[in-house]
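Start from chain E and add chain W according to the hints.
There are 2 protein chains.
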Amino acid sequence: MTEKISSYKYELIQETIANPEFKSKLSNILKEMTANDLASLIQNSPPQERKIIWDSIELEYEGEVLGELDEQLRDELLKEMEPEEISLAISDLEVDDLVDILQALPEKITNDVLALMNSRDRGRIENVIDFPEESAGGLMNTDVITVRAENTIELVSRYLRFLKNLPQNTDDIYVVTKNDEYLGILPITKILTSDQNMTVREVMDTEFEPISSELNEVDVYDLFKAKDLFSAPVVNDKNQLLGRITVDDIIEIGADEVQEDFRALAQIEEDVFSSPKKSIKNRIFWLSINLFTAIIAAASISLFADVFEKVVYAAVLMPIVASMGGIAATQTLGIYIRAEAMRKLNRKNFRYLFRREFIVSLVNGIFFSIFIFGITFFWFSDYNLAIAISIAMILNLIMAAVGGFLLPYILRKIGYDPAISGGVIITTITDLIGFVTFLGIVSFLVV
Amino acid sequence: MTEKISSYKYELIQETIANPEFKSKLSNILKEMTANDLASLIQNSPPQERKIIWDSIELEYEGEVLGELDEQLRDELLKEMEPEEISLAISDLEVDDLVDILQALPEKITNDVLALMNSRDRGRIENVIDFPEESAGGLMNTDVITVRAENTIELVSRYLRFLKNLPQNTDDIYVVTKNDEYLGILPITKILTSDQNMTVREVMDTEFEPISSELNEVDVYDLFKAKDLFSAPVVNDKNQLLGRITVDDIIEIGADEVQEDFRALAQIEEDVFSSPKKSIKNRIFWLSINLFTAIIAAASISLFADVFEKVVYAAVLMPIVASMGGIAATQTLGIYIRAEAMRKLNRKNFRYLFRREFIVSLVNGIFFSIFIFGITFFWFSDYNLAIAISIAMILNLIMAAVGGFLLPYILRKIGYDPAISGGVIITTITDLIGFVTFLGIVSFLVV
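Taken in sequence, the protein lines are chains E and W. Letter by letter, the first sequence follows residues 1 to 447 of full-length UniProt numbering. Letter by letter, the second sequence follows residues 1 to 447 of full-length UniProt numbering.
In isolation and in its complexed conformation, chain E is listed as follows (with noise of 0.2 Å):
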């Protein structure tokens, strides 16, 4: 049902941004709207209407939308603004999305910012701000409640009855001795349903590890993953309690691990709706890169143009062994990246890996050059270009396999990242050797 109005909805804004008459209509229809459903109406937006449904929201409410955006657009629209409507738009923003846009921001505007901000807003952001932003420290929030373990459950319902307003999602209060030091978690849900006379140290799970404020994101992730978490305290390395993790503040993070990934591997490196100048720019730098190794191959057969001229067919099979070579590189190159994505690679499944590439190349290297050989025969009735083919798709497809699981553990080695320049590199080098390797066999062979 949901997901029916939410569509109906975007459809009804966009007919309304078409008509600049019916701009009260929009605020309207946009006030009603949660920050999420505004924040994925603007990234499914084209350029020119997001920037009017951006103008359109209520400035109380940009802060909340700039926190559910994606970080890309989410600084774009950052930099069009003054430090005056950022303070404004933020103040109410729980810590770690405030964090988030304030670590955004270039350092002369973040100071500008903190500076018109109130003094409990600058407190509130001066516990959280020093964590990188991937870390545990930078994903968790400070409004956690509580309490010390030599208290009654008694005591503790009464407190939590004049609190009134617990924190969103609060589903655990956590137990700490006076100097914040984290001794157990205890769950709102055994409150109720304990012997109101029993101390909280006797009640409460101390067999949960609290998560270290320094931890990865991604790893983070997993754990909330591994264990079924619906949150789970923060400590600094002196198991001081810093602040709680909630899920869904990491929801996203496995998707966004993997979609970097296959943006990567489609040599894409923008938001879906960016605009024509923005899409123009990026393209153009993966698409320079090809031309710059397609000229490379194109070099490596220049080499053997004489052999053309005595073996015409010899061009027309030419890119059939290099665009194998290319597939099977593609294939195991995904297999690492997706191997290395789960955190998982060690000396010994990376020795199994690495073993049954090789295991599948040969096999299959065998099988199509085989197969190329009978095509090749049947085709052009020339033995000499069959065996020349066969060899050179053979040896093509053993090296895609070495080259796409070494490379990317080479380019690991020295700081790159093999996502995203993997691809471009791996098909350049099975072109090169599908190439030279045919031609210099037929030149041999046949010329």
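It is worth saying that the hints were derived from the structure and are not from the lab. All values derive from a computational prediction rather than experimental measurement. Hints may contain errors.
If chains are identical, the list can't say which one is meant, so a pair holds when it fits in one copy or spans any two.
[Said to hold, decoys possible] DSS-like mimics (lysine-lysine), calculated; alpha carbons at most 27 Å apart, straight line:
id, residue 1, residue 2
1, Lys227, Lys190
2, Lys413, Lys25
3, Lys348, Lys25
4, Lys227, Lys164
5, Lys227, Lys238
6, Lys277, Lys348
7, Lys227, Lys310
8, Lys277, Lys413
9, Lys178, Lys278
For chain W alone, kept in the frame of chain E given last:
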């Protein structure tokens, strides 16, 4: 901290496996691990070690591990198990995991397993098994606590205390009529902080729209993400409460969706650590398709074989045009697949994207055709060859954008997933257009 311990353990386990005399030691280590750690250990181990680990897990634990495994691997393990073993292993599972496993079995085995279960378990299952695995109904658990609106908070508190152990991760209980019709949510925190003499009706939250049992799992994931939910009630079309979905059951859906697209783009369809036999079969499929399309491209080249006799350098330059078209088409296809996966493609922004891709390809086409004209003229000092390649380049880049955008649209219309087959088809098209336009123009201008 968690990360270090688990990777230390992982190495330890692999060493233990290598020494068969330590078999009892292995069971002891495995006994201390959570089901999810075991599942991830199996997932990240080569086939032989997988078997040793699986055989060392105690029967009553196997069910939980099965529940945490990737579908593909889970189904493989289930195939080796007897119905008796399965029914024992899965009897303690949550009902959503239990039903997932039953649905994965061949129908005959499912009936055998059901017959071996006790009536309590059979009863739990019958409420859920009719829902498709990928719907809200298939994701939900039925272990919900319900109360009536006319009761006081005090009575609810006493009822919960009487229940003693609430289902895992209970953050809300639900308010229903005597016919099980859904009325609202009563958060556990509200029970704690509200005046005990108020009625449930006065305290409950009626704003949240319950999830329809038919909602697709991706929409469920989006809803949880948009509204920062920990859990949500599921109703049938008569608004009767059926169960609830908790965030831990849906946290992986986002990543799984992108992962499928990634695998499709890399043309791999297997789990990372699958056996050589599986990998060979799988890769041969994609390589064969590629061989077929490469031969089509070669056949198109052979139409112009006489060109090479006169213009040898045509063979040198030919792959450049094809390869640029392939990259540009993959970029546009990648954008389309991502936009579609975000489930926000509608008529309006479809048109925007198509127009943008066209403009981008036109601008880049002009840029690269001028560029390649210069390079070719500088390299071979052949004016006609330079003209031919620059015309072929601009045509191929524009066709790459148009095809890269319309092809997935058409594939979807006729019922195919563009992520799976789109890449191969579109690069075949750009290869063909690249070769034919370039060689055609060369044979017209030069020969």
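(message) Of the numbered hints stated earlier in the document, which are not met by this structure?
(response) Hints 2, 7, 8, 9 not satisfied by this model.
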